[in-house]
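There are 2 protein chains.
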Amino acid sequence: MSQPALSSTPRTELRRGRARGVSDRNALYEVLDAGMICHLGVVVDGTPRVIPTAYGRIGDVLYVHGSTGARSLRDAPAQDVCVTVTHLDGIVLGRSVFHHSVNYRCAMIYGTPRLVTDPDEVLAGLRAIIERLAPGQWDAARRPTRKELAATAVVAIPLDEASVKIRQGPPVDEEDDYSLDVWAGVVPVRQVLGEPVPDPLLPPGIPVPRHVAALATTGDLR
Amino acid sequence: MSQPALSSTPRTELRRGRARGVSDRNALYEVLDAGMICHLGVVVDGTPRVIPTAYGRIGDVLYVHGSTGARSLRDAPAQDVCVTVTHLDGIVLGRSVFHHSVNYRCAMIYGTPRLVTDPDEVLAGLRAIIERLAPGQWDAARRPTRKELAATAVVAIPLDEASVKIRQGPPVDEEDDYSLDVWAGVVPVRQVLGEPVPDPLLPPGIPVPRHVAALATTGDLR
Numbered sequence: 001m002s003q004p005a006l007s008s009t010p011r012t013e014l015r016r017g018r019a020r021g022v023s024d025r026n027a028l029y030e031v032l033d034a035g036m037i038c039h040l041g042v043v044v045d046g047t048p049r050v051i052p053t054a055y056g057r058i059g060d061v062l063y064v065h066g067s068t069g070a071r072s073l074r075d076a077p078a079q080d081v082c083v084t085v086t087h088l089d090g091i092v093l094g095r096s097v098f099h100h101s102v103n104y105r106c107a108m109i110y111g112t113p114r115l116v117t118d119p120d121e122v123l124a125g126l127r128a129i130i131e132r133l134a135p136g137q138w139d140a141a142r143r144p145t146r147k148e149l150a151a152t153a154v155v156a157i158p159l160d161e162a163s164v165k166i167r168q169g170p171p172v173d174e175e176d177d178y179s180l181d182v183w184a185g186v187v188p189v190r191q192v193l194g195e196p197v198p199d200p201l202l203p204p205g206i207p208v209p210r211h212v213a214a215l216a217t218t219g220d221l222r
Numbered sequence: 001m002s003q004p005a006l007s008s009t010p011r012t013e014l015r016r017g018r019a020r021g022v023s024d025r026n027a028l029y030e031v032l033d034a035g036m037i038c039h040l041g042v043v044v045d046g047t048p049r050v051i052p053t054a055y056g057r058i059g060d061v062l063y064v065h066g067s068t069g070a071r072s073l074r075d076a077p078a079q080d081v082c083v084t085v086t087h088l089d090g091i092v093l094g095r096s097v098f099h100h101s102v103n104y105r106c107a108m109i110y111g112t113p114r115l116v117t118d119p120d121e122v123l124a125g126l127r128a129i130i131e132r133l134a135p136g137q138w139d140a141a142r143r144p145t146r147k148e149l150a151a152t153a154v155v156a157i158p159l160d161e162a163s164v165k166i167r168q169g170p171p172v173d174e175e176d177d178y179s180l181d182v183w184a185g186v187v188p189v190r191q192v193l194g195e196p197v198p199d200p201l202l203p204p205g206i207p208v209p210r211h212v213a214a215l216a217t218t219g220d221l222r
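Protein chains in written order, with the UniProt record's numbering: chain A, 1 to 222; chain B, 1 to 222.
In short, the hints are calculated from the structure, not lab data.
For clarity, every value in this text was computed on a predicted model and none was experimentally measured.
Intra- or inter-copy, both count: the list cannot distinguish identical chains.
Think about it this way: if two alpha-carbon atoms lie no more than 20 angstroms apart in a straight line, the pair counts; the simulated DMTMM-like pairs of lysine to aspartate or glutamate are:
no., residue 1, residue 2
1, K147, D118
2, K147, E121
3, K147, E174
4, K147, D176
5, K147, D120
6, K147, E175
My request is simple: use the sequences and hints to build the entire structure.
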């Protein structure tokens, strides 16, 4: 736990639900390392655009990638972006409509993106993104050609300014409502990975690699 | 299928991956009605902010809610927002790093939010949000008091300007790569709901209502 605490800037200071804020850098890593897609917020022509995209993390840098032709990435380095990773963990059913909620873990990162130009960092960033989706795939799949790399933009966002919010547990109801004849509790939500489905064009005799088979989870809820 | 087609404006015209675009209004409804949280993008002090939040839909209007004290909602009516709902359906493992992808369904909505002031519409909007999380809960839980309503801001966003992108199926690899000795295919991803967990403070003798028990899914992947 020797990591520096998360920054508190006007953007990341939690105004609402302050009790749910977590100022531990390891909590940030945990939320990021448990996800596969983020929602990247950019401003284009004065209006916000929220784009789901894959991401990877190396230390205190988040990487996203896209086509060099994609406008949102091409414009992004000119201005700050917001990256949000959210895990929905449960539906919280209170005794009153007002106290319904969801259990979740959420990380929000603000930063000025940097277009990665160093070839080694481009490869490292791409590797982090692929390995986030499927650990082991970088070594299994064919590496990018020079032409493929030229068509790929990799953007780095520093994890300097971030906030983490976590809500877990049962509903918090009004004192008077606890005696109501209304069921209250949590319906857990979980993302599960299923058995790998081979590409119909896969030649016979290529088995599911161990690192891919390992992705499938049991479907049991924790 | 008598719905009007989705609009094509400069913001919703799909520049990248055009083949994945869907211009059917029913597809928009399906993506929205399959989700529980959206990512709401607003611009605050010139920078984007991406906030996960619950939502509901009534016809061609999307509703989100929040505290009347939350800055993102308070400021939202002054400017356009972007609402994105994403379902991650699979990890697409190609034969090359370059052709890795994810299967997903994604709706992006642009619009000028309207702060709902009509009391009936406030209730209808809240009901839509609650019922999206847990159908049947509106009639089961205590309705909001006047004080609770005063603390709740409901915002309506018209579904006039939206795009839907869907990617499903196996990887699409380079012709030369199909002969490689590399496994390729899809690892399905699904969100599952588990058995309801009663609030520890629930008095004995209050059974899980049928509409709550019905939320739990089997955990089987489709």
